[in-house]
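Q: Those protein sequence lines, which keep their order, are chains A and B.
Going by the working numbering, the first sequence opens with residue 7, and the numbers climb by one from there.
Going by the working numbering, the second sequence opens with residue 4, and the numbers climb by one from there.
Calculated from the structure, these hints are not laboratory results.
Bear in mind the structure is a predicted one, so any value in this text is a computation, not a measurement.
Among the clues, some could well be false.
[What the hints assert, rightly or not] Partial pick of chain A residues on the chain B-facing surface, computed with a CB cut under 7 Å:
#1 N59
#2 T82
#3 L86
#4 M90
#5 V96
#6 L112
#7 R113
#8 L134
#9 F202
[What the hints assert, rightly or not] What the simulated footprint calls covered on chain B by chain A, stretch by stretch (three residues with Cβ under 8 Å from a Cβ of chain A suffice, anywhere in the stretch; the number is not a length):
#10 114-125
#11 132-146
Ideal placement from N, C-alpha and C gives every residue a C-beta, glycine not left out.
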Amino acid sequence: MSTNPIYRVQGLRKGYGRGWELDIPELEIPEGCLYSILGPNGAGKSTLLRVLNLIEAVDIGRIEFKGKEVLAPASTRDRLEITMVFQRPVMFTGTVWHNLTLGLRLRHLKPGSHLGDLVDQLDLGGLLQAPASEISGGELQRVALARALACEPGVLLLDEPTSNLDPYNTALIEHIIKKAAQAKAMTIILVTQNVFQARRLADQAAILIDGKILEQGEAGRVFRKPENPQTAAFLSGELIFKQKGDTDEYLLTQEN
Amino acid sequence: MTEVLSISLVTLRVTGTATLLAALLGIPAGAMMGIFRFRGRGLISVLLYTGMGLPPVVVGLVVYLFLSKSGVLGDLGWLFTERAMITAQTIIAFPLIAGLTMASVEALEPDLRLQLRSLGATPSQEAGITLYEARSGVIASIVAGFGAVISEVGAAMLVGGNIAGHTRILSTAVVLETRRGNFGLALMLGGLLLALAFTVNLLLLRLQAPLWRRR
Numbered sequence: 007m008s009t010n011p012i013y014r015v016q017g018l019r020k021g022y023g024r025g026w027e028l029d030i031p032e033l034e035i036p037e038g039c040l041y042s043i044l045g046p047n048g049a050g051k052s053t054l055l056r057v058l059n060l061i062e063a064v065d066i067g068r069i070e071f072k073g074k075e076v077l078a079p080a081s082t083r084d085r086l087e088i089t090m091v092f093q094r095p096v097m098f099t100g101t102v103w104h105n106l107t108l109g110l111r112l113r114h115l116k117p118g119s120h121l122g123d124l125v126d127q128l129d130l131g132g133l134l135q136a137p138a139s140e141i142s143g144g145e146l147q148r149v150a151l152a153r154a155l156a157c158e159p160g161v162l163l164l165d166e167p168t169s170n171l172d173p174y175n176t177a178l179i180e181h182i183i184k185k186a187a188q189a190k191a192m193t194i195i196l197v198t199q200n201v202f203q204a205r206r207l208a209d210q211a212a213i214l215i216d217g218k219i220l221e222q223g224e225a226g227r228v229f230r231k232p233e234n235p236q237t238a239a240f241l242s243g244e245l246i247f248k249q250k251g252d253t254d255e256y257l258l259t260q261e262n
Numbered sequence: 004m005t006e007v008l009s010i011s012l013v014t015l016r017v018t019g020t021a022t023l024l025a026a027l028l029g030i031p032a033g034a035m036m037g038i039f040r041f042r043g044r045g046l047i048s049v050l051l052y053t054g055m056g057l058p059p060v061v062v063g064l065v066v067y068l069f070l071s072k073s074g075v076l077g078d079l080g081w082l083f084t085e086r087a088m089i090t091a092q093t094i095i096a097f098p099l100i101a102g103l104t105m106a107s108v109e110a111l112e113p114d115l116r117l118q119l120r121s122l123g124a125t126p127s128q129e130a131g132i133t134l135y136e137a138r139s140g141v142i143a144s145i146v147a148g149f150g151a152v153i154s155e156v157g158a159a160m161l162v163g164g165n166i167a168g169h170t171r172i173l174s175t176a177v178v179l180e181t182r183r184g185n186f187g188l189a190l191m192l193g194g195l196l197l198a199l200a201f202t203v204n205l206l207l208l209r210l211q212a213p214l215w216r217r218r
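Just need the whole structure built from these sequences, with the hints factored in.
A: Structure below.
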C-alpha cells in the first residue's frame, strides 16, 4: 500500500435485495497511478466506480479523498477534481463541440489549447460540428474521453472505455490513457473485463468478484502470481457459474 | 365583427395567462417530481394523474364557492371577472403540465443525470440541463394544458358568467349561439377557436426542435 493514497475506503457496504452489491473492508488507491479494477459482469465494478466518483450513495462506510473524509454522494465542490467516462456515455443535445466543452462550461471555464491538442490526438477534428446524436460508437467513446480529459481532472475514472470497439479505436483510446497517465500527475482508475488491456496499462490492479475485492497490489504481481484461487481462476478464464444447491441462485467458482 | 374580435382577444388573454401561470408552477413541480425521490412522492404522482382528468365544471364550482360573496376569498371580488376564469383554468392546466413534465423527465436515460454530476454539474445546472433534454415532453405538456383550457366551457361559464364584452370567450359564445339557434355563427366561432388553437400549437411545437437544428 502507498503511504499517500488518493482514496482510502474503509468498511464500505452498498446493498440491494438480499445481499451486498459491494462489500469492501479496505481499499487504498495510490495517487498518480493507473489502477485497474478487473472482474466479471455483475461484480459491482461500475457501482464501485460511481462510488469513487462520489455520485453514488453507500449504506455504510468511510471514504477519504485526498486525506479528507467525504460524503457519498458528495457536494459538487468535493467532486470537481474527478471525471468519469461511462460505459455507455450520454451525449447531450447539440454538436460534438458542445458536448466536448460541457464540463468546462459547467465549471465556467473557457476551452484552452489543451482541448485543441485532445481533439487532434483523438482524431475528432472533422466531427466538431456534427450532431452528437449521430456519431458512431467509437467516436462516442473518443468524444467522452476528450470531454472528461478537457476538465484536466486529478482523477479520471474509466468504465470499460473500449468494450465493443474496433482495434483502431481501442488502440487510440489506450494510447491517450497511457499518455495522460505519463504526462500528468493524474490518477486513472480503469474498470475492465479485459485482462490483456489491464496488463498493458495498469501499475496496480484489484480483482473484484461478487462485490468483494479478492486481491489487490502491484499489477505485474497480481497477474503473474495471484494468491487467491478465485482470482487465479478468473485471470486464467476458468471461472464458471455453479448452481447453489437446488436454489435458483448461482455462484462464480473455479470448482467443477 | 368587433364583438367576435373582442371575444377572441379575451379568449387569448384568459387562456394564455392561465397556461403561462400553470407552466410557471407546473414545470418546476413536475421536474422536481421527476428528479427527486422523497416520501409521499407516489401519492403525489397519483394525485397529479387524477388531476389530469379533473372535470372543468367541478373546478369551476369549487372556485365559484371560494370566490362567491360568502366564500373564503369573496372579499377579492373576482367572481365573474377574467381573474376568476384564469384561476379556474390554471387549476385545470396545472396537473396536466406538472404530470406530463414529470413523465418526460422520468423517461430520460437513467445515466443522464449521473453523467452531468460526473462532469461537475451543480444541482441547479443538473435540473436546467435535464429539463432542456426533456423539452419535447415539456412542450407537449404545455400544448396539452393549453388545449384543455381553450376548449373548456364549464369552469369559464360558472366563474366568468359569459358576460358580453367582459368574460365571454369563444367556447362559451359557441354554447350561447347554439342555444339561440344561430348555428351558422356558432360554427364560425368554433372554427375560429380551432384556428387559434392550431396557430398557438404550431408556435409551441416550433420550440421542440433544438435551436441549432431549427430552420
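Q: Looking at the structure, which of the earlier hints fail to hold?
A: Those not satisfied are hints 8, 9.
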